[in-house]
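Following the hints, put chain U in place on chain L, whose structure we already have.
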Amino acid sequence: MIPMSHYLIVSSILFSISLAGIFLNRKNIIIMLMSLELMFLSINFNFIIFGNYLNDLTGQIFVFFILTVVAAESAIGLAIIVVLYRNKQSINVQDIARLKG
Amino acid sequence: MYWQSMVIIFSPLIGAITLLFKNKSTDFLSSIIANSAIGISMLLSLWLFILYISGHNVSESHLVYTWYATSGYFFEIGLLVDSLTIVMSFIVTFISFFVHMYSIAYMKGDPSFKRFFIYTNFFTFSMLFIIFSNNFLQLFIGWELVGLSSYLLIGFWYNKPSAVSANLKAFVVNRVGDIGLLLGVILILITSNSLNYTDFFDKLPLLKDDTINLLGYHIELLPFIALLLFIGAAAKSAQIPLHFWLPDSMEGPTPISALIHAATMVTAGIFMVARLSPLYDLSGYVLDLILVIGVSTALFMGMVALVQNDIKRIIAYSTISQLGYMTAALGASYYSFAIYHLLTHAFFKALLFLCAGSIILKCHHEQDITKMGGLRKIMPITFITFFIAGISLMGVPSMSGFFSKDLIIDIFKYSDNIFVYYSLVLGVFITTLYTSKIFIKVFLGNNQLKIKKQLDLEHSDALIIPLLVLAIPSAFIGWSLFDGVLFNDFFDNSITDYTRLDQFYILHVEHSVSFFLHSLTSLSFIMIILGIVASYFLYYKNDGLLENISEKFPLLRNILLNEYGFTSLSNKIIPTYFKKLANIIWMKSDVDIIDNFFVNGTANLINFISSKVRLMQTGYLYHYAFTMIIGLLLFLIIFYDF
Chain L
1 MIPMSHYLIV SSILFSISLA GIFLNRKNII IMLMSLELMF LSINFNFIIF GNYLNDLTGQ
61 IFVFFILTVV AAESAIGLAI IVVLYRNKQS INVQDIARLK G
Chain U
1 MYWQSMVIIF SPLIGAITLL FKNKSTDFLS SIIANSAIGI SMLLSLWLFI LYISGHNVSE
61 SHLVYTWYAT SGYFFEIGLL VDSLTIVMSF IVTFISFFVH MYSIAYMKGD PSFKRFFIYT
121 NFFTFSMLFI IFSNNFLQLF IGWELVGLSS YLLIGFWYNK PSAVSANLKA FVVNRVGDIG
181 LLLGVILILI TSNSLNYTDF FDKLPLLKDD TINLLGYHIE LLPFIALLLF IGAAAKSAQI
241 PLHFWLPDSM EGPTPISALI HAATMVTAGI FMVARLSPLY DLSGYVLDLI LVIGVSTALF
301 MGMVALVQND IKRIIAYSTI SQLGYMTAAL GASYYSFAIY HLLTHAFFKA LLFLCAGSII
361 LKCHHEQDIT KMGGLRKIMP ITFITFFIAG ISLMGVPSMS GFFSKDLIID IFKYSDNIFV
421 YYSLVLGVFI TTLYTSKIFI KVFLGNNQLK IKKQLDLEHS DALIIPLLVL AIPSAFIGWS
481 LFDGVLFNDF FDNSITDYTR LDQFYILHVE HSVSFFLHSL TSLSFIMIIL GIVASYFLYY
541 KNDGLLENIS EKFPLLRNIL LNEYGFTSLS NKIIPTYFKK LANIIWMKSD VDIIDNFFVN
601 GTANLINFIS SKVRLMQTGY LYHYAFTMII GLLLFLIIFY DF
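Protein chains in written order, with our numbering: chain L, 1 to 101; chain U, 1 to 642.
Honestly, the hints are just simulated from the structure, not real lab data.
Beta carbons are placed, not taken as given, at the ideal position from N, Cα and C, and that holds for glycine.
One or more of the hints may lead you astray.
Short, incomplete list of chain L residues facing chain U, as computed with Cβ under 10 Å [stated by the list, open to error]:
{"hint": "1", "residue": "19"}
{"hint": "2", "residue": "24"}
{"hint": "3", "residue": "25"}
{"hint": "4", "residue": "29"}
{"hint": "5", "residue": "85"}
{"hint": "6", "residue": "86"}
{"hint": "7", "residue": "93"}
{"hint": "8", "residue": "94"}
{"hint": "9", "residue": "96"}
{"hint": "10", "residue": "98"}
{"hint": "11", "residue": "99"}
{"hint": "12", "residue": "100"}
Not everything, but these chain U residues come out facing chain L in the computed CB check (under 8 Å) [to be verified]:
{"hint": "13", "residue": "562"}
{"hint": "14", "residue": "621"}
{"hint": "15", "residue": "622"}
One chain only, chain L, in its complex shape:
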């Protein structure tokens, strides 16, 4: 049986990649949204692992709820991006800095 630490390492690598995707990406806001999805998935992965390990179905059921919320959230995020593109003719992250003090 594969030890649990392996799963956890995969999950944390996934999380770190998505984090880096948010920080380092300076071009495309859609990639940022994708990184966000990836971050959710890595967390879901953790839920499943612990649920399996502890013989508790709650973790896996919880993943369904999270996925539902994530789907809704990404739908809203994409809608915002569409509106943003209509207004600014750009989805470049560096162009979106209107909150600069």
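What follows is chain U alone, placed relative to chain L:
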């Protein structure tokens, strides 16, 4: 006497209020309302006065209204009717009535005719409010109200810059005196727990040896109170060094100069000291100070009148000088003599001012007497009345002014203060000089202004009648009241000096006739004759004697023109330094501390801090995300129990 007194006081106030709220009123109607309001007061005062002279002795105090009462202190409005009140209310209402009558003609055609009568009616009310008061609070209220009416009337022609600066000066100088008066009244309240005159006088024996602690020095209480109150009196009665507002107050209409700045308001200080005679009897060195101030005012301010050429200013300086005589009598504790001189002075000085008003009207508002001349034939009635008032002012025997002024001079003749006696006698010489100067320059000589004689009377009746009426008391009231009134325990229930007066009468006066005959050989009579002779050579014969004298003593002339430095003090030094001080306060405290430090400083500080803090807001999404993650990690590191 209660209802009569109430009507006397409040009739002028009702007149003023009626005029104030009567929007559409012709000049004729306004003058009728104002004059009848004063007329009622005048008739009732005259009635009280005659009643009192004929032996109806009265001294009563009434409580009219309790304003408020708090833990042992009572603030009340009351009435005190006694001999002093009756005499003063007679003077005030009598002169006020005839000045009102005179003003109908004098102020004719003025756009603010109604306003003038509102002010004068209000003034008369305020003055009567002081006179009838039986407590210090009411005295103070009235004191402020007469100051206000004086301010309003000096600046009556408010688009004349000189009038506005003159009323400001009068107000500011009087404020200095008011501080003294207010402090005195407060001190009386906290030491005797009562503001009532009689309560305070009853407590005087207990307070006699009290001292108060002022900055570590123990000062006797009663002289200190007397001194503070006298500061108020000196400002109101134009005594050195607070006198310099009075000559400037001549910017107001001439009837006002007659009413307020000669006969009534400026005598309020004299009246107050006489009213508080029990206090001043116990105040030792303050009396000496009052005497010194009075004598120096009488002499030095008279001398200033010699170099003036404006007819109203000469009479104004003469008023200050005569008030100095009254103050000197107060300083010698002969309060009744001061009130007696106040009485006669009020009549002849009001008459002099009203004559001056007629002359000014006739000369088309020319006030420089060196440009006038030869008005004797053109204005015969003014000529005669001015002559009567003038010789009364000089103190020619048998005139009113003679009896009152020579009594004051004789106080010092028979005391050790021989220096004061000679100063006052010299004052008589100077009085004669400037009075004859006006007389000669205005009525004799050439008709320089080419004024034509009219066929009818010299002026309308309203201008003539007050002159004729006031000429009667100017000539006769002195003698007629001398034996029967002044030396017949007249003031014995209001002023404390009657034992002194009795002794003085028995020793030096004996009877008015002997006083009259005796004075014909006195030094002051010689001084009057000398003065007339000197003025004949100086002012009548145009042989350049006066010019020679003034060229030989340019320093003296400049000192007198500069009024011993008071002119430059009040017009240059005080305003300049006050402006500098105000500038410093403005720049340092207002601009620097309040504006720049507190108001703008707070805003600037916030602006500075936010300009630094603002740099953290880059607006880039990835920066915010990074901060969030780093923050989360930091929290983990700090709070996670490894």
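Going down the list of hints, with the structure as the test:
1. 19: 6 Å, holds
2. 24: Nearest chain U Cβ about 8 Å off; hint holds.
3. 25: At about 7 Å, which falls below the 10 Å cut-off, the nearest Cβ of chain U leaves the hint on residue 25 of chain L intact, so it holds.
4. 29: Given a least distance of 8 Å, the restraint on residue 29 of chain L holds.
5. 85: Residue 85 of chain L check fails; min Cβ-Cβ to chain U is 15 Å, beyond 10 Å.
6. 86: At about 19 Å, which exceeds the 10 Å cut-off, the nearest Cβ of chain U leaves the hint on residue 86 of chain L violated.
7. 93: 6 Å, holds
8. 94: Check passed: Cβ of residue 94 of chain L comes within 7 Å of chain U, closer than 10 Å.
9. 96: 7 Å, holds
10. 98: Result: holds, 6 Å to nearest chain U Cβ.
11. 99: With Cβ-Cβ at 4 Å, under 10 Å, it holds.
12. 100: Holds, about 3 Å.
13. 562: With a minimum Cβ separation of about 69 Å from chain L (threshold 8 Å), the hint on residue 562 of chain U is violated.
14. 621: 6 Å, holds
15. 622: Nearest chain L Cβ about 5 Å off; hint holds.
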